[in-house]
Amino acid sequence: MAPAPPSTDTDLAAFVQSVERAIAAAYDRLMPLFAEHAQPIVAEFGFHHVAHAESLAHVTGATVPVAPNAALLTALAPRIDAAVDEPSALRLVFALENQLAATHTFSMTMLDDAQIVRAVATILPIESSHAVITGGLLGVGVADLFPNGSFESLLVSDGANPRTGFSPFSYPVS
Amino acid sequence: VSNPIGRRRFLQLGGTAAASAVLLACTKDDPSREVAPGPSTTTTLPALPADPVDRVKTDLAVTLTLASLEVLAADTYSKLAASGLVTDVTLATTLALFARHHRDHLTALNLAIADADGAPVDQPNSTFDQTVVQPAVAAATTQGDVIAIALTLEGTLAQTYVYGVNAATTPARRSQLLSVAGVETRHRAVVANQLRPNDLGYLLPSAFAPDDNPLPPDALVVP
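Just so you know, the sequences run in chain order C and L. Heads up, the first sequence is in my numbering, so the first residue is 283 and it goes up one at a time. Heads up, the second sequence is in my numbering, so the first residue is 48 and it goes up one at a time.
Derived by calculation from the structure, the hints in this document are not laboratory data. Wrong hints could be hidden among the right ones.
Stated by the list, open to error - Listed next, the stretches of chain L that the computed footprint assigns to chain C, with coverage defined by at least 3 CB atoms under 8 Å from CB atoms of chain C:
#1 122-131
#2 200-214
As the list claims (entries may be wrong) - Here are a few chain C residues that sit away from chain L, every Cβ distance over 10 Å (derived from the structure):
#3 293
#4 346
#5 349
#6 364
#7 400
#8 404
#9 442
#10 443
#11 451
Given the structure is predicted, the values throughout are model-derived calculations rather than measurements. Note that beta-carbon positions come from the ideal geometry of N, C-alpha and C, so glycine has one too.
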């Protein structure tokens, strides 16, 4: 039987944890592509994503860490494989940070638990900053650092569109 | 039962008047010293009113306050653009983009305010303007001073939005505020990254955004 999409705040927090850990795992795979300048920056982003997952686990009282989202890692594999040098790897990081921001904003449309709300509210701005810093490394123009204009996107999908986040319906926690 | 003192207390809980403090810490030689408030040290949620009616009023008060800050930010960028202090074309374009975003945010907030039977906001936050922004604008003599003011405005707005998420009463309101918090944080990161490119200790001093109230006392706009 296929895993069910999240139906409670705790389930949704577990989904977001699994996405954070999947992104951290993706960065581990990309790391050899980064030179001396970008490598510590992306590594720090990865540490942040693990910290975010741990924070969400803490506020939900989880005793066992949620694993990286397996379905998402499978879906990301071709994009990771397509990154063959630092610029292409940074472009992927830029896209993933924007997609992670959208995933958090989407989750907020359903969350009601005060502690989980608070955790997500302190996490999303960091993903947004990651995107800007990565865009700076790429030399992206200022307007393009705001891929959804004046507001963060709250749309999710299968993630093929880099302007949307990752849907818990496409990537349920296994 | 309405409890204005309780609402005001809510917005002041955890407040450090950090914005005015950091702006005063700015120097002309090093605008990057003007930073948004650091990571929150708050470990518990602010005491939200227990009464559902008061919670809705608190939500409205925070929204009115945010709207007044958006007016202030857009107006301040217009003044700075006209001041002749901004000589770099990229910075001028950047601040114009930010001003447009702030006007979009104001429009969205005023729609939410109208839904709550409040009066639309078209005036800047007088307390923050008089205690923080006006003195800084009056003293500004260099482009570095302009950047310092932008950092203060964007850092304060971003943190107040994160703070406001916790005061909002519905998921729809929370997601709206969070979607703006992310963009205000991007604004701050853009300016900060121009000052100290890729200096992560400066750009991201923590893995988590601060969520306590950064506003000076009496900055709350009470309906």
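To see whether the hints hold, each was checked on the structure:
| no. | hint | result |
| --- | --- | --- |
| 1 | 122-131 | violated (count 0) |
| 2 | 200-214 | holds (count 4) |
| 3 | 293 | 15 Å, holds |
| 4 | 346 | 21 Å, holds |
| 5 | 349 | 20 Å, holds |
| 6 | 364 | 25 Å, holds |
| 7 | 400 | 6 Å, violated |
| 8 | 404 | 4 Å, violated |
| 9 | 442 | 22 Å, holds |
| 10 | 443 | 17 Å, holds |
| 11 | 451 | 18 Å, holds |
This entry does not satisfy hints 1, 7, 8, going by the numbered hints stated previously.
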